[in-house]
Structure formats: structure tokens, C-alpha cells
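Protein chains in written order, with the numbering used here: chain A, 1 to 506; chain B, 507 to 809.
One or more of the hints may lead you astray.
With the Cβ distance kept under 10 angstroms, some of the chain B side facing chain A (calculated, not the full set) [to be verified]:
hint : residue
1    : V528
2    : R531
3    : G538
4    : R556
5    : A626
6    : F627
7    : M630
8    : R634
9    : R655
10   : D702
11   : L708
12   : L719
13   : E778
14   : A782
15   : L784
16   : R785
A few chain B residues that don't get close to chain A, going by computed Cβ distances all over 12 angstroms [as the list claims (entries may be wrong)]:
hint : residue
17   : G509
18   : S511
19   : Y515
20   : V520
21   : T565
22   : G578
23   : G600
24   : Y607
25   : F726
26   : F757
27   : A769
28   : G775
Just so you know, the hints here were simulated from the structure itself, not pulled from any lab data.
All C-beta atoms, glycine included, are put in the ideal place defined by N, C-alpha and C.
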Amino acid sequence: MSHDLPPVHHGTVVPLSSVEELLLPSFRAAVVDRVAAGARIAAFFGAPDGPQSLRLCAVLADDTAGELFVAAARVHGDYPALTPDCPQAHWFEREIAEQWGIRPQGHPWLKPIRFHRSYRGGLDAWSRPDGEEIAPGVVEYFKVHGEEIHEVAVGPVHAGIIEPGHFRFQCYGENVLHLEIELGYQHRGLERRFVGGPDRRTIHYAETLAGDTTVGHALAYCRVLETLAGVEAPARAQVLRGVALELERVANHTGDLGALANDVGFLPTASYCGRIRGDFLNLTAMLCGNRFGRALVRPGGTAMDLTNADIDTILNKLEAAERDVAGAVDLLWSTGSVMARFDHTGTVSADDARAVGLVGPSARACGIERDVRLDFPDEVYRYAQIPVATWPSGDVFARATVRWLEIQRSLSFIKEQLRSICEGAVAIEIGPPAGASMVVSLVEGWRGEICHVATTDERGRFAHYKLVDPSFHNWFGLALSLRGEQISDFPLCNKSFNLSYCGHDL
Amino acid sequence: MQGTSIIPYLLSLVLAPLALGVINRVKAVFAGRKGQPLLQAYFDIFKLLRKGAVYSRTTTWIFRAGPVVSLGAVLLSLTMIPWGGFPALLAFDGDILVFVYVLGVARFFTVIAALDTGSAFEGMGASREVLFSAIAEPALLLGLVTLARLTSGWSLSTVLPGVSTATWIMAGASLSLLCLAWMIVFLAENSRIPVDDPNTHLELTMIHEVMVLDHSGPDFACILYGSSLKLWTLGALLANVLVPVRTGSAFIDILATIGGVFALAAVTGVIESTRARLRLLRVPHLIAAAGALSVLSLVLLVR
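Bound-form chain B, shown alone (with noise of 0.2 angstroms):
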């Protein structure tokens, strides 16, 4: 660990929002429309930690510690991942598994939360939510192992930084299908169209949005803060693969990457405002080929 690794997971900190931002602005301009201020994730978070929070008498501390430590778990993954050729702030062997698992505490924390309130909504989106990330799992630890392999190591920060243009050269089509497979896993993860629809209004059909919907005030900023974070951490790992800048100058690569997670989330914006969302039974297949594709990016390479 450096102490330079602060600047780009500051970095991370404070350009999280940005990137619903410029997914909204990609979607407004898809429809027509001028859009709300790339800031406004910003604008929401900080009008949300000044309100106040109103708890349900049916509810315990677990709802109230729900929010934030999701928000700590997400925080801790962030940790994890190197990025513009800085060394992460936490790296050991082993620490792929802790992120995927980190991450998965997050999620944990959030059910369990949604739980509390004893509302049939949260506990549908609880049992939705907990299905589609046991299938989502799979395929974003496979593609890790399926790079730990390619770049013989065990922790992000010899994994990532492995990944170059000759990596690119040597294992094109593996990391093709891999970076197919994670992108399904990005949109799935956090809750973009097709798999959920972070805009509708209808608690029937939503997954994560339903399981928030009782948290208020600063819980509700911690949730915000903590879904952009994670669109972060997920599109980081991704850019990391898909823009292997790799040039030594630390201004030019935190620039590749930033404008990679930002790609990322354009094309998020594109998807989104082209299609509509999978019926909620379809989901699960899409996932599903998601592990699939993982399994075939591991298979061409061990074979």
C-alpha cells in the first residue's frame, strides 16, 4: 500500500454521483428532453442528509443499521480496487473473494433491512433481489478467477493492473465474453432496465427500489450514496479490463479510467432508452447467461 492509493479512492469518492448523471443526461437527451443537472444525485444526497428520518414502530435497529452498514461494505469493496496505476488501498492474495463477498454483505444488510418492515412490497423485492444476485455471483467470481488465471494472482492489484493490451492480444476472445458477461452483471447489480427499472413509481414491479422504499432522510442519502458507489466500484473493474491504459503517467490513467467508467455509463443510458425491460421471469435467464458466458471466457482459457 501506497500512500498515494488515497488520491484515486478519494477520487472514486467524489466522483461516484457523477455517473447517474451522465446516465440520466444520456437517457433525457434519447427522449427528447433537456434533462435533469448532472449534479442532481448530488443535490439529492445533501437534501436528504439535511432532512430528518421517520422510523415505522414495527421496525428495530436493524432497519436503521441496514443503510449504513451497507454503505460501509460498499465502501470497504471500494478499497479493493486499483485503478489508475496506483496500487489498491487494501490488496492481499485472496482478496477477490473478500470483494465479491464484501459486496455480498452489502446486500445482505439491505434484505435484511427490507425485512424488518414486515411489508409484503420489501419482501417480494427481498426474495427477488436475493435471487438474482445468487445467480449474478457466479458469473462475476468466475470472471475473476477466469483473469486471476491469466494474470497468475490472487489479489485485484496484481490481477487488474495484469490485464494490458497484449493480455488483450493473447486472450481476446476469453476477455471478450468475459466483459460481455460482466456488463450483464453491471446492469444487474445495479438495477438498470432490462433487469429493473431504477425510474418506475410502480412498487409491484421493482426489485431494489422496493426494498428502500420505507428508509428516509440521511438513511436514504446512505442508500444513494451507497448505489452510485457500487455502480463505481462494478464499472471500475470493468473499465480496468476494457481500457488496459496502462502508460506509467498517473494523470493519463486515471483519466482512461474515469473516462471509461463514464463510457460505461453512457452506454448504460443507451441501453436503457432502447429497449424495455425483461418480464420479471425472464430476468434470471438473462443473468443466467451471464455465468454461462464466464464459464465459456474460463473454458477457452484452461483449455
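Chain A with its partners taken away, still in its complex shape (with noise of 0.2 angstroms):
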């Protein structure tokens, strides 16, 4: 009883009455089916649809065929969960739970993801009492039992200057047999600030929800709004962009390599990557006066322009930076002793990255071609290619050797757009955005897929905005590294995945 779904395009604009709404059995047969086909879930969520129904809403993506999907059904109450079916919804499924108050029935852990009330005033998927407080990370955990296991559980507060998650380990000795993963810790209600948007807050939403990414978030989303005010960005902003980008990827690459060394006690890559990645971030406080890239894309294009002398000022830089970078990385694959910590440590085969969905590197360095920027090309990407790194190994190794190819990619890519930039303007103004419709936004942050998903009104306002980050998707897969694992190569795995907590936790 398949359902045969229409393709939709990325980056076109999606009018609300164009989406179908299928009955519960045929959504579920649907999303399930062209999973099963080899396309991926992107985003999956619910949005209110009158006082008492709820609208359950799958974005899926074939990276090979390049066509986005979009399957919406309508749920009054629980419902039969797509997880023991398609292992990707997993964590969607417990999202929408806990937002909407709503059992996927069957779900093989049904747990929140980040305590809080739902969003429907009195239902609860786990009817916990209206004035309970809700503590984050105090649920019950998966538990070995057997008389030599230990459990080990790591934060929420760390050692070390990092963002708060908890992890619960079952140990037999120093093997790991199991890691479960509790997040939460940083919610902030970002999705709902954006409800009623946009206006002069939502781009600061957006650029702040992860710090680290605050290029692919702003780009994400105003690639939302100019979809549907239904214009583009002149080409040189749409350069400018890119260029912004992919600093943002080499910088945060390069900090991860130098931290993937540290973590294995190899002092001379991370201390040199520490400071190679402080030139890429000053490379891109020339693009707009801010290292982490904030207040450059704007709706419309970008904010900053630069002159031809700031455009050779930066080639010159990093011309030099890459000289650095390479030798201190080179320095790592050189060096037998971490070669050996990198090499069989935290494997994730390829079949389980398909199976959870990971993207961005992780998926990569299983050897899966994925890439959003070669799958749905947008803006400058669709002129000038950039080739898909992969390793096949899914192993720290690769995560650090598909890293490293992608600095070297980006770099030549920053170069030859640069040179080869065209004048103009950089910015355009951009109309109101269409009411009444739905725009999926796809960019390739330097963790993996962004993915916005909004909703209009029928005056143009958000009627729904989903954020996802890939680190949503990315998560589990870290947990699923360190199955079989020494307990001891946690932070050498977890450094490797270098995931977000705040744009998991929103």
C-alpha cells in the first residue's frame, strides 16, 4: 500500500495545499518504503493543526537522485511508531513526544530528549503531573546486570571546558558494553522564538543556536526567506558565502585534528592546529570583524563586502596558514604512535551509519557518499564543485583522514572563488515571504546536514520552524562507536565526532 510522494526540489517553495495528506497506514508505508529505498529522514516533526489534531510532517532525502520528499499526515493521539521500522526516527519520534504530548506507540525507548513541558498545555506523553518539576537527565537508563558489570556515568559538569551532557556507560572491566547518551542540559525554546517570525531577532536565533556554525545556521536561514520572497543572493554575496563557509569548516577541522592529538597526548599537532585555527577564524574576522562569523549573512546576501586589497590580504594568509596546517598534520599521519590509537578505534560500519542516518564527516568516513553540497547543490555550489571526501574504514582514523582531505578541498575551493569573484553588489532587498507555504532549506555545515524546515502562514509569518542540526543525527552514532570499545578511548571517539550540544538541545 505504498504511497507514491511527488519530489520536491531544494530550494523551491513548497505551497501548503500542494502537500498531500495521507492517511496514517500510507504516511507510515510511505516514509518506511522510500527509506527502505535508500533515502534518509531529514527532518520529521509534528505541528499543531487546530486545538486538537496534530500534523505529523516527514522530510526525506535521496542524496543519490538529489529530490527531497515531503509526507505529512494528520494524528489525533498516539500512534504506531515508524522506529521498529525505519531505526532513523528514532530520535524524531522522541522528540515529537515529548513537544506534543503524544505516545509513538511501539517505540523501543521512548525517552524525553530535553525536559521540557509539552507544548499542549496538559498532555504528556509520559503523563507526568502538570506542576512536577521535570529534572533533565533523571529518567531511568539502560542497565547490564551480572555481578562484574559497573556503570560508569560522565557529567553533566566535565573536567573540562565543554558543553554539559550525560553519559552512562555499563563496563565489564574496561570493555564498554553499552553507552547511552542524555542531552538536554541547554534547551532553550529556540524552535518556538522563531514561531511568529521573521523579524529583526531571527537572524540572531539563528546565528547563536550553535556557536561553532553560525555561517551554516544564518545561510540556512536565509535561504528560508529568500525562497519565499522567491529572489536569490547577488553572485558575489553568494561567493562571499561560500567562502564564509567553507573558512568555518577548515577552522573547525583544523581544531579537531589538533584536539583528536591531544586527546591521544600528542602535544606538538595540538598545540600547533590550537593556533592554526586561530588564523582561519582571523581570515574570517576580515570577511566581517568576527571570528566565529556572526553579522556576516544577512537575508538577501551578506553585510560586509571586500575590497580587492582585503581579497589579496587573505590569499596571502592563507597561503601561509595552509603551509602550517599541513605540516602540522602531516605530523600526525608521520607519527606511529598515534597512528596506533587512531586506527580500529571506535569503528561505525557503513551499514549502521545508513540504518541511524549519520551525515556530514561521520557518514563520510564511512565510506557514504553524502554530501549536500553535491547532492542539492545551492547558490555557488552549483557552479563550482567541491569533491565529496570519503574513507572507508569508519574508524577515528577516518574521521580524522576525511577532515583533513576536506581542509585541503575547501582551501583550494576559498582560493579559486576569490580569485575568480565577480563584482556587484552583495546585497539585495527581499520581498515578504509567501504565506501559506513550506520551504525546506539544506546546507552542509562543517558538521554534516542542516536542515530548516518552515512553515507559513497565510500572512507570511512562521507557523512552524524546524531546526534540525546534524548533530541530531550524529549523536546515537557515537554511541553506537563505542559499543565493544575500551572505556578508556571515549574522549578519543567522542573528540572524533565532535558533536554539538546546544544545536542538539536548541
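Take the two lone chains, each set in its own frame, and fit them into one complex as the hints suggest.
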């Protein structure tokens, strides 16, 4: 009883009236079949549809065909969960249960993910009384029983300066049998702040929802507004945006390689990469005055422009930084003791990666060719391709290698783009957003696919706004990578994914 | 025992934290950083001494006794090391064994103080520490037996000064193996890379550091000072064999040993800067190799 969904092209407005509302069984079959045929869930969420009913909406991405599919269905209460037949829905369904107070029946591990009250007063998927305080992380955990099993709890307060998250290990000696990750300590209610927008604050929410992905999320948000208004940023602005996005990728990947070296106690690369990351951040600051790329990407273009002299300076500094980073990273590959730590540590199989729907470098390190810049090209990436970097082994080494390949390829992209940048304006005025429409915006941030799905009401205000940071897909991949590993290798595996806590918690 | 033996002992007490500074400075140079002051360990110890301590309600007197007893044990072990041409403060036949087991007492109290907290981290650290030191102990002990056989004595005060240039010429191969074995023990016992990473903030990978996470203030000062003394003790032991300068002039002999210890610290810094830490599973292999080298050095001598 599978239902054929009509494809939707990335970067186009979908009138809400054209999204067919399926009956629940056909919705379920359509999603499960489409995912079984190779698509993956880019976003899956509920949106209120009248006082009593909820509209479930799934955005599926078929990477090889470069097409998106939108499926929708109306539910009034509990519904049969998709997770048993489609594992990558599991985190999304936990989110839906928490936000709207309905239970996906048959979900194997239905727990809250952000620890807030449901958006619909009185409804709660776990029947928690209204007045009761909800403390983050205070829930049942998966437990392994046995005389020699011990449990290790790490966080949410950590010894280093990192974000809060709780990790619960079930160990047999030094071996990890199971890791469960509980987040939600940084929930700020961002998705709800978008509703009723766009207004003057919305762009700032987008820029700060995950501070290390400022350009990525700001770009996804601006593409939503531009698509809704039916315009595109001027060509020069598109290049500047692309340069900023790749600089963000290069800076973060460089920092990650240094952090990986630090976690195995290899000092030279750790210290050099820490400094070189700063060099790349400073180049971003030359674009817009902020090292993390704030106030650069704006609806309709960019807020800043570069002079020819600036471009020359950036190119010169880029050459120097590229030489430095090549030297620092080369030390990693040529040091046997480092490779001994990276090889065969924290392996995720390609099948597992596909099943849980990993994105970004974490997926590409399992040999999966999945890159929004290639599969759903937008703006400047339609004219200039960056080859997709993959590595088949799925371990820490693979994740480090993919990062290094991406640094090199992004750097040549940046240089090429800056050398051939066209003249012209960098911003245009954009009109009001189309009403009663839906837009899916995909951007390949440095961690992977960023997905924004906006739905507007009749007046063109956001009726619902769904944010999916790549971390949302990938946290479970980290849990999988620890199966059968040494608990002492957890920090290394964690760093090789380097996921965002606030991007997940929103 | 001579009254003047107190001079090298006091020198050890004063200079020990400086060795940590040397290691850190070498690492900083390799990393292209300016690095912390050479005297940082002293600053840290004095800072901690002025602070108050926090005790968890789940801990008992064992937790409080741990750092003090450990420091005391290390101080005692140091009294048995002769250097700079002076006999040790404490010397008797068989102090070789006592030396090793006094260090064992220090470890024992660190471990039970860690277990007393009931924390999963500290339990893991304690289990790792006990496993690794159980393998490292034979390497240290067998090395001492080699020296005892070479110099026909059972006291550190006769054994260590007994090693001279002539001994090196006579049993160079055996002594080289011994020094290699002790270098590994030196790195393992002082929780340096490739066995442990003293700078990491990652609780799950730590060995020694994780056992002392719950200690604070003066207790932690004791631990910090204790570990710098342990570094000095084992360093002086190794330097006595590596740099057998016995001129009879106290000044030159003392300088030679101090130089030897600081050179060891510098080598440690170089090792830490040029290689990554071993995977935890592989650490026992490395320490067992030290044991094998010790056995070999003894075998070469008694063949």
C-alpha cells in the first residue's frame, strides 16, 4: 500500500495546499518504503493543526537522485511508531512525543530528549503531573545486570571546558557494553522563538543556536527567507557566503585534528593546530569583523563586502596558514604511536551509519557519499564542485582523514573562488515571504547536513519552524562507535565526532 | 650514617618540584609555546597549602590519611637513596627490599583513599594503577638485584656508590638493559606518557590523576609534592647508575647527580613531546617489556 510521493526540488517553495495529507497507514508505509529504498529522514516533526489534532510531517532526502520528498499525515493522539521499521526515526519520535504529548506506540526506547513540558498544555507522553518539576537527565537508563558489570556516569559537569551532557556507560572491566547519551541541559526553546517571525531577532537566533556553526545556520535561515520571497542573493554575495562557510569548516576541522592529537597526548600537532585554527578564524574576521562569522550572512546577501586589497591579503594569509596546517597534520600521519591510537578505534559500520542516518564527515568516514554540497547544490556550489571526501574504514582514523581531505579541498575552493570573484552588489532587498507555504533549506555545515523547514501562515509569518542540526542525527552514531570499545578511548571517539550539545538541545 | 648526609636529603626536598618544571619547559619548547614558569610546581604547592579542603560526606578517615601517609612513605624512601658521595640517612642490609615496599605503601594508601570515595572514576583509576604497578614492581626489584649482585651488597648505600666507570666497562651490556628497564619504570611510576598523561582533563583515560580527583587544598599539595619527590627518588636512583661520577669532591658529585636527574626530566619531556600515549590495553605490554629487560640484565650477569 505504498504511496508514491511527488519529488520536491531543493530550494523551491512548496504551497501547503500541494502537500497531500495521507492517511496514517499510507504515511507510515510511504516513509518506511522510501527510506528502505535509500532515502533518509532529513526532518520529521509534528506541527499543531487545530486545537486537537497534530500534523506529522516527514522530509525525506534521496541523496543519489538529489530529490526531496515531503509526506504529511494528521494524528489525533497516540500513533504506531515508525522506529521499529525505520531506526533513523527514533530520535525524531522521541522529540515529537516530548513536544506534543503523544506516544509513538511501539517505540523501543521512548524517553524525553530535552526535558521540557509539552507544547500542548495538559498533554504529556509520560503522564507526568502538571506541577511536577522536570529535572534534566533524571530518567531510567538502560542497565546491564551481572556481578562483574559496573556503571560509569560522566557529566553533565565535566573536568574540561565543554558543554554539558550526561554519558552512562555499562562496562565489563575496561570494555564498554553499552553507552547511553542523555542531553537536553542546554534547551533554550529556540524553535518556538522562530514562530511568528521573521523579525529582527530571528537572524540572531539562527546565528547563535550553535555558536561554532554560525555561518551554516545563518545561511540555512537566509535561504529560507530568500526562497519564500522568490529571490536569490547576488552572485558576489553567494561567493562570499561560500567562502565563509568553507572557512568555518576549515577552522573547525583544524581545531578538531588538534584536539584529536591532544586526546592521545601528542603535543606538537595539538598546539600547532590550536594556533592555526585561530589563523583561519582571523580570516573569517577579515570578512565580517567577527571570528565566528556573525553579522555576515543576511537575508538578501551579505552585510559586508571585500575590497580587492582585502582579497589579496586573505589569499596571502591563506597560503601561509595552509603551509602551517599541512606541516602540523603531516606530523600526525607520520607518527606511529598516533596512528596506533587512531586505527580500528571507534568503528561504525557503513550499514549502521545508513540505518541511523548519519550525516556529514561522520557518514563520509564510513564510506558513504553523502554531501549536501554535491547532492542538493545551492548558490555557489551549483557552479563550483568540491569533491566529496570519503574513507571506508569508519574508525577514528577515517574521521580524521576525511577532515584533512576536506580542509585541503575547501582551501582550494576558497582560493579559486576569491581569485575569480565577480563584481557587483552584495545584497538586495527581499520582499515579504510567501504565505501558506513550506520551504526546506539544506546546507552542508562542517558537521554535516543542516536542515531548516519553515511553514508560513496566510500572512507569511512562520507558523512552524523546524531546526535540525547535524548533531541531532549523529549523537547516536557516537553511542554505536563505543560498543565493545575500551572506556579509556571514549574521549578520543567523542572528539572524532565532536558533536554540538546546544545544536541538539536548541 | 653521617650528619652531613642531611645535605643531599635537604637538597632533594628543595629541588624535587623543579624537575616537574624542567619537563614542562621542554614540552613547551617543543610545542612552540613560552610555557609556564620553571617554578610553577612550587607556586602550586604553596597556593594549595593556603587553601581549605573539601571532604565528601561519604568518605572516612582513610581518605584524609591517604595523602599524608603517602607523602610520609615517599619521604622515607628518599632517606634510603645515597647520592653525591654521601651515604644515605637510613642504611642497613636489605634496605633494597624495604625501599621498594615503602614506595608500595605510598601507592597502597593512594589507592585505598581513592576507593574510599566510592566514585566509579576513582575505582577505575585504582584498578589500573594496581595492575600496572604489579607489573612494574618486578622490573624495579630485579634491577636492584642485578646491582646487588654486581656490587655484592644488600643496601642501597653500598650498591649505588658501588657502580662506577669500572663497573660499566665490566658489565656494560647488563647495565644498559637495566637502565632501559628502569627508564620505563620511571615513566610508568611517575604517570608520564606513554603510560599515563599527566596533563589530560579526561577522567576516563587517567590513571594516577583520576585517583586524586577528590582531594583538594593541603591534601592535594601533599599529593603534588609527593609525586614530585617520587620523580626525584626514582630519578636519583637511575641517575646514580647512569652518571657514576665518584670524584670524591662533594660539590662535583652532587652536581653530577642533580644534572643527571634534570637530564632525565628533559628526556621525559622529549618523549612526551614526540609520541602519543599508548592505548590502555597495550600499557601492560610495555611494562612487561621492562620486566623482561631486567631479567635479561640479571641473566647476563649470572651466566
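For each hint, the structure was consulted:
1. V528: violated (16 angstroms)
2. R531: Status violated, d = 13 angstroms.
3. G538: Where the cut-off is 10 angstroms and the nearest Cβ of chain A is about 6 angstroms from G538 of chain B, the hint holds.
4. R556: Because about 23 angstroms separates R556 of chain B from the closest Cβ in chain A, which is outside the 10 angstroms limit, the hint is violated.
5. A626: At 4 angstroms from the nearest chain A Cβ, A626 of chain B passes the 10 angstroms test, so the hint holds.
6. F627: holds (7 angstroms)
7. M630: At 7 angstroms from the nearest chain A Cβ, M630 of chain B passes the 10 angstroms test, so the hint holds.
8. R634: With a closest approach of 8 angstroms, the R634 of chain B hint holds.
9. R655: Given a least distance of 35 angstroms, the restraint on R655 of chain B is violated.
10. D702: D702 of chain B check passes; min Cβ-Cβ to chain A is 9 angstroms, inside 10 angstroms.
11. L708: holds (4 angstroms)
12. L719: holds (8 angstroms)
13. E778: holds (7 angstroms)
14. A782: holds (4 angstroms)
15. L784: holds (7 angstroms)
16. R785: Interface hint status for R785 of chain B: holds (6 angstroms vs cutoff 10 angstroms).
17. G509: holds (45 angstroms)
18. S511: holds (39 angstroms)
19. Y515: Answer for Y515 of chain B: holds, closest chain A Cβ roughly 34 angstroms.
20. V520: holds (29 angstroms)
21. T565: holds (18 angstroms)
22. G578: holds (29 angstroms)
23. G600: The claim holds: G600 of chain B sits with its nearest Cβ about 37 angstroms from chain A, beyond 12 angstroms.
24. Y607: Correct as stated: the minimum Cβ-Cβ distance to chain A is 28 angstroms, above 12 angstroms.
25. F726: Given a closest Cβ separation of 14 angstroms, the condition holds.
26. F757: Nearest chain A Cβ is 36 angstroms from F757 of chain B, so the label holds.
27. A769: It holds; A769 of chain B is separated from chain A by about 20 angstroms at its closest Cβ, greater than 12 angstroms.
28. G775: Incorrect as stated: the minimum Cβ-Cβ distance to chain A is 10 angstroms, not above 12 angstroms.
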